[in-house]
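In the order they appear, the protein sequences are chains A and B.
Last residue of the first sequence: 633 (UniProt numbering), numbering continuous.
Last residue of the second sequence: 633 (UniProt numbering), numbering continuous.
Keep in mind that the hints were calculated from the coordinates and are not lab data.
Some hints could be false.
[Unchecked claim] Short, incomplete list of chain A residues facing chain B, as computed with Cβ under 10 Å:
| no. | residue |
| --- | --- |
| 1 | I567 |
| 2 | V587 |
| 3 | H595 |
| 4 | A620 |
| 5 | E628 |
Quick caveat: nothing in here was measured; it's all calculated off a predicted structure.
Note that CB positions come from ideal geometry on N, CA and C, so glycine has one too.
Number of protein chains: 2
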Amino acid sequence: MMESWSFLDPVESNFRPLVVIELAKGTKEETIEWFTKRIVDKKANGGAQLLIKPLVTENGVENIYLVGASHLRLLLGAETVGLVKECNDNSMRTFTYSSRKTFKHFADDNHNFLTMAECQYIIKHELENLRAKNEKMIPGYPQAKLYPGKSIVRRLLTSGILVQIFPLHDREELKKLCHSWYGRVKIGYQPLDDIRCYFGETIALYFGFLEYFTFALIPMAVIGIPYYMFAWEDYDKYVMFATFNLLWSTVILEVWKRICAILTYRWGTLLMKRQFEEPRPGFHGVLGINPVTGREEPVYSSIKRQLRIYLVSLPFVCLCLYFSLYVMMIYFDLEQWALDYHQENESNFSSLMLYVPSIIYAVVIEIMNRIYRYAAEFLTSWENHRLESSYQNHLILKVLVFNFLNCFASLFYIAFVLFDMKLLRQSLATLLITSQILNQFAESLFPYWLQKRYNRRMKKQMCSKKTDTDLSLSEQVNMEKEMGTYFGTFDDYLELFLQFGYVSLFSCVYPLAAVFAVLNNITEIYSDALKMCRVYKRPFAEPTANIGVWQLAFETMSVISVVTNCILIGMSPEVDALFPDSKMDLVLTVALVEHLLLAIKFIMAFVIPDKPRDIQIKLAKLEFESLEALKQQ
Amino acid sequence: MMESWSFLDPVESNFRPLVVIELAKGTKEETIEWFTKRIVDKKANGGAQLLIKPLVTENGVENIYLVGASHLRLLLGAETVGLVKECNDNSMRTFTYSSRKTFKHFADDNHNFLTMAECQYIIKHELENLRAKNEKMIPGYPQAKLYPGKSIVRRLLTSGILVQIFPLHDREELKKLCHSWYGRVKIGYQPLDDIRCYFGETIALYFGFLEYFTFALIPMAVIGIPYYMFAWEDYDKYVMFATFNLLWSTVILEVWKRICAILTYRWGTLLMKRQFEEPRPGFHGVLGINPVTGREEPVYSSIKRQLRIYLVSLPFVCLCLYFSLYVMMIYFDLEQWALDYHQENESNFSSLMLYVPSIIYAVVIEIMNRIYRYAAEFLTSWENHRLESSYQNHLILKVLVFNFLNCFASLFYIAFVLFDMKLLRQSLATLLITSQILNQFAESLFPYWLQKRYNRRMKKQMCSKKTDTDLSLSEQVNMEKEMGTYFGTFDDYLELFLQFGYVSLFSCVYPLAAVFAVLNNITEIYSDALKMCRVYKRPFAEPTANIGVWQLAFETMSVISVVTNCILIGMSPEVDALFPDSKMDLVLTVALVEHLLLAIKFIMAFVIPDKPRDIQIKLAKLEFESLEALKQQ
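Sequences are here, hints too, so could you generate the full structure?
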């Protein structure tokens with residue numbers, strides 16, 4: 001292995017820029033020199049052994065650098081990050097440089113063996129793992145302290161010397177991808193494998209889930225339409241619809257796990273070993289010895305963190321929840337006022353006015369969700385979690401609880417306190433549709449319009465009439481560095497999660513919700529695709545094997561929806577009429593049915609295997625081989 | 001590695017017998033010769049490289065063989081099975097022969113580095129992995145077919161040539177263990193580490209769980225006593241007791257996971273890699289290619305198995321459940337008859353007669369459970385599962401469902417159909433106490449008495465007055481080979497599971513159940529210890545990291561008990577009196593409380609980490625080290 005590192009040529013003729021590094025204006029010369037030297041330095045000397053070139057524009061050098069790597073370097077990097085690729089015998093195996101010949105499509109001159117997203121991921125990994133040796137500080141910046149083993153890039157980022165690192169778009173590939181993805185109106189699947197090659201597994205998995213979820217909603221939507229069209233109000237039909245919905249939602253979540261396993265097996269991430277998690281960039285503390293690694297690094301007492309969580313964050317979240325409920329009560333006052341107004345002067349205008357409170361409330365909910373999001377991010381960051389995963393879990397928990405209450409509290413109140421099914425239906429429809437329109441607009445269309453305007457201005461400045469693919473490298477870099485940053489799939493999943501809530505929590509009252517969800521998701525696929533390709537900087541690929549905590553969130557929602565739907569059905573006058581003598585029997589029957597449904601749900605989740613049989617066999621085969629290899633040693 | 005195998009001396013002067021092999025009387029000479037040759041043969045020739053000696057008694061050679069191994073052979077075997085031992089730096093690591101010097105208490109002349117149970121486990125593993133090479137059949141038995149890779153010992157067992165293999169007791173050690181375990185009456189913990197050294201992890205973990213469970217029941221028992229003594233019938237006290245019980249049962253099950261992790265980390269099994277599972281002995285099918293291993297071995301279509309499960313086993317289980325309910329109805333007829341009798345001639349005798357139906361029913365339940373057990377074993381074996389674990393899971397599921405219904409159906413019927421709390425209390429007490437007495441008797445005391453009688457007869461035959469520790473080897477082997485075989489911890493866990501049901505399902509009606517459970521478990525520890533040490537053959541040690549499916553079973557029971565207790569409290573006249581106006585409000589309140597309790601349960605299970613923090617850090621440290629080692633390669 002050591003030999004392969006040594007015969008790497010530090011300068012290669014065909015330099016292909018992959019990643020852009022933007023340093024702050026006025027960064028000291030000695031810092032730049034030290035940093036670039038560390039990037040190109042040999043592995044044995046503690047460098048990253050990558051290639052780096054300054055970007056030269058008409059205005060001269062602008063502290064923007066392009067990073068690339070030789071083909072061999074990338075292959076060795078693929079081994080370091082533990083990429084899993086397909087072999088000639090169609091099995092998936094962890095790539096190693098020594099066994100490279102056994103992999104499908106491998107040839108020493110095939111520079112497409114690794115996708116561009118993979119190359120960029122490797123470079124990001126190598127840059128982040130560039131660690132301080134004996135430096136006590138960043139040269140030229142005495143206040144930016146270093147200690148042995150500290151990631152240099154992370155310190156540069158937190159001290160503001162490094163503005164950003166982002167991967168370059170590949171204009172050719174992007175054009176092809178856009179065309180096959182959303183360029184033409186067609187009915188069919190998204191090119192998930194191409195998306196994965198270009199954007200990486202996390203984003204491809206999101207689009208896979210979005211597509212799957214849309215397809216899964218279609219049966220609900222199809223069954224829901226006649227309820228609206230023929231205004232069916234029969235008891236048995238509603239019960240059938242709700243029962244179908246509840247079981248269906250369990251089935252689709254279980255089947256998704258299987259589809260996810262198929263996708264990530266094909267992409268290799270199902271087999272990828274988990275890397276050891278380094279502290280997240282914002283983590284700080286006094287220097288101490290990490291009990292796990294034995295290295296000197298900042299440590300922060302877990303008790304202090306717990307105190308911050310339970311004494312500050314938890315009360316703050318509760319306060320926000322209370323505030324959200326308070327706003328809800330104002331909404332009901334407004335609603336009452338609109339109703340009074342409508343009854344006093346009955347006109348077309350006044351009946352339209354009936355919808356105004358809901359719409360205002362929907363807008364307020366969206367605004368509150370966004371403000372709370374910032375507060376939650378600030379608080380979670382202040383809690384000073386050591387690992388990114390722990391930070392993410394705490395953030396997601398905070399945001400989910402608040403958004404759930406904020407979006408659904410009014411519906412729960414209408415349903416179970418006011419018992420007003422008409423208002424529930426109207427409120428549900430207004431909230432669902434308004435939030436969908438707002439989201440699509442705020443998330444994709446508005447940024448797209450901004451971006452387009454900016455691009456036009458840029459091009460005018462450059463006095464060029466070239467199309468995107470003809471741009472020079474420096475023009476491309478300058479354009480892309482001003483684009484917004486995509487902060488991950490969190491908001492996208494959250495939107496789907498809330499939509500799932502609107503569809504399933506009160507499905508027996510408003511069967512049309514699934515129809516709106518399907519329509520929204522179809523346009524969502526297009527607007528999200530547009531957003532990824534045109535509005536934001538290219539994000540770094542992130543390998544992942546599943547949708548993580550969202551699976552749990554969706555499953556929890558489907559459990560809650562069993563409870564709400566059972567109560568709703570129990571409250572309907574049709575069901576009421578079936579038990580004329582005893583309300584007791586009614587409630588007991590509903591409770592019994594609810595428990596039965598929950599039991600069936602859990603049994604189904606238990607019985608349906610999480611991975612299809614052929615994937616299970618392939619995994620068992622790999623495990624068997626590694627055990628055999630261990631025995632041979 | 002290969003070198004270390006070659007310098008093994010096949011015959012060593014200090015032969016220590018560890019395992020006994022009993023062949024059938026009249027086994028052909030050529031078979032014995034071939035089998036013993038394979039056992040002593042070099043690893044390189046496909047042998048097990050163990051030592052074997054025939055047992056010579058006064059009656060000559062009796063087809064009983066003693067197997068041992070050299071010290072070096074055992075150390076190499078420890079590496080093969082992947083034993084985890086404590087290092088000099090107090091960390092737990094997988095033992096390898098090359099790194100032997102880094103392990104605590106290791107010395108080339110220390111023959112106690114491996115416990116006797118570990119040595120026996122290694123020998124069992126090596127014997128079971130003795131595989132056919134080119135033999136088409138067992139020499140001398142053309143009907144006992146072999147194919148390359150088939151385990152020879154398993155074929156010998158299934159064709160009846162091999163009667164049994166069992167590990168020898170160590171009379172000295174056993175005496176010491178008995179003394180510290182149950183020899184003197186004392187209040188304190190069991191010597192779990194010594195039990196683990198002598199009997200292995202599975203059995204030690206059972207006794208650990210039994211002890212933990214008994215301690216965990218004490219708070220319930222302590223709180224339960226005043227309810228009985230002062231005949232408290234206040235509503236609030238019952239609610240408090242039930243609520244405490246429900247949350248307590250969640251806490252104890254979660255805390256057990258942590259204690260289990262502490263124990264198995266110390267014993268090394270928490271870190272042990274799972275071995276590849278070979279087909280179970282009884283598995284049969286036509287020869288084919290296993291898709292996982294690529295080896296030729298019997299394959300059996302999964303569809304056929306599914307058909308057997310769903311078309312035969314499932315209907316059979318349903319029929320048994322129906323039969324159990326039928327027997328229950330007969331019991332209620334008897335109960336009615338006893339009541340009538342009591343009312344007609346009121347006397348002491350007739351009031352005693354009131355208990356007779358329950359006692360008869362309890363005995364019948366036990367008998368039915370035992371008969372059903374055989375049927376379930378037969379059916380599950382007929383389903384022809386490939387893996388022992390899959391066989392066990394199907395067997396446990398079958399047995400649990402039936403035993404649950406069989407034991408608790410009558411109680412559910414009394415509680416929720418007859419609404420007779422007095423009968424419920426009486427029936428519960430009778431069932432619990434009768435089943436405990438029956439179990440202790442049938443499981444330990446009766447076999448112990450049989451064994452003792454047999455031993456006395458044996459000794460009389462041998463005309464010797466020696467104590468157990470003075471017996472000659474041949475006498476010891478002859479005595480032990482006639483002892484019963486311990487078939488694993490299944491029945492012991494099942495007993496605890498049903499006991500947990502009696503205690504928790506109706507805890508708010510009969511708080512005294514926990515007291516009986518504690519008393520029973522204290523004697524259970526002693527009688528089970530007696531059973532292990534005196535009644536049964538020594539079982540082979542089985543490494544395990546947790547109590548497996550039983551954790552899930554206990555957790556399911558505690559969820560069900562939330563439901564039953566909430567209903568029971570809701571039905572009590574005291575609670576009834578709190579809602580004089582509306583039964584509706586009562587039922588809704590009960591349902592709300594139930595859902596809240598369930599939610600709290602799930603959140604608690606989620607929040608309490610499954611492993612204590614220091615074990616988590618130790619595991620992370622090992623993972624980090626292996627990742628670092630991989631990088632260095």
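Status of the hints after comparison with the structure:
Below 10 Å, beta-carbon pairs count as interface contacts, and I567(A) has one with chain B at about 9 Å; its hint therefore holds. The interface hint given for V587(A) is met, as the beta carbon of that residue sits about 5 Å from the closest beta carbon of chain B, less than 10 Å. Nearest Cβ of chain B to the Cβ of H595(A): about 7 Å, under the 10 Å cut. The hint holds. Interface restraint check: A620(A) against chain B, minimum CB-CB distance 4 Å, threshold 10 Å, status holds.
With a cut of 10 Å, the hint placing E628(A) at the interface with chain B holds, because the nearest CB-to-CB distance is about 8 Å.
The structure shown violates none of the earlier numbered hints.
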